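Chemist: Sequence:
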Amino acid sequence: MSRFKAIGWFADLSEKEQMEVEKMGVFRDYSARELLFLQGKRLSHYYFVLDGLVSTYHQNEQGKKWVASFFSNGDFFPHVGLATEGGIYPASAEIVTDTTLFLLPAAQAQKLFASVPQLQTQLTQFLFKKSQELMTRFSASLFDGASEQLLAFLQNIAMKIGQQQTDGSILFHLPMKERDLADYIGLAPETISRAFRQLCEAGLVEKLPEKNLLIK
DNA sequence: GCATTAAGTGGCC
DNA sequence: GGCCACTTAATGC
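In the UniProt record's numbering, the protein residues as written are 1 to 216.
Be careful, since some hints might not be right.
[To be verified] Just the calculated beta-carbon pair ranges, DEER-fashion:
hint, residue 1, residue 2, range
1, Ala107, Cys200, 48 to 54 Å
2, Gln165, Arg33, 43 to 49 Å
3, Pro117, Gln155, 30 to 36 Å
4, Asn212, Gln120, 19 to 25 Å
5, Gln118, Phe27, 19 to 25 Å
Source of the hints: derived by calculation from the structure; they are not laboratory data. Keep in mind the model is a prediction, meaning the values are calculated, not measured. Don't be surprised by glycine CBs; every beta carbon is placed ideally from N, CA and C.
Produce the complete structure using the sequences and hints provided.
Modeler: Structure (structure tokens):
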């Protein structure tokens, strides 16, 4: 039985074809805070997230970090080099929570994407979604305050991984640390902390034990 | 247990 | 909002 059930990318392929793809790469477990790859290094693999959370980020000399994107179940990264030979990683990647990945060697990935037209389509759709995500975040950073940005982000993941409650609120587990969140939104951790409190006081969000959140 | 890391708070710019 | 200092809480060895 194929292990790709959890992700949509290969749903159009037969069981046998999926096994073929599995043989092209390897499954691997990572634990939180492991470094996956560094920006500028030679691109050796592409990655499919089966379960967990990975962040890709840029970092300056002072150690300031900016998270470009989070990748969770079913996501694929990085997004460069498929059309060209021998790329480099456009950002660094680190494991946020314990994660299972499917590692696909770059050469195999090129072959695969070239030979399965559906994958091209799915890739285009996926890139479109990610691009929209980035634009939304960018305009929010210009026009919204810290709490609004935080709320928008929380609503996003709540939609993705949360469970709707009978009263209409959504319950979910915050997969990353507040620090990671601050790096993503681009604000100081203290500001995120305060924004969180404002949202709680406004009754929009409720903090539950073990980083579980109720969003109303 | 102690040491390190993360979260929360207040002051000051 | 950022940065700094500090306290408290959680986590790791």
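Chemist: Hints first: check each against the structure and report whether it holds.
Modeler: Status of each hint after checking the structure:
The hint said 48 to 54 Å for the Cβ distance between Ala107 and Cys200, and at roughly 50 Å that hint holds. Roughly 32 Å separates the CB atoms of Gln165 and Arg33, a value that falls outside the hinted 43 to 49 Å. A beta carbon spacing of about 35 Å between Pro117 and Gln155 agrees with the range 30 to 36 Å that was offered as a hint. About 39 Å separates the C-beta atoms of Asn212 and Gln120, a value inconsistent with the hinted range of 19 to 25 Å.
Between Gln118 and Phe27 the C-beta distance comes to about 22 Å, which sits within the given range of 19 to 25 Å.
Checked against the numbered hints given earlier, the structure breaks hints 2, 4 and satisfies all the rest.
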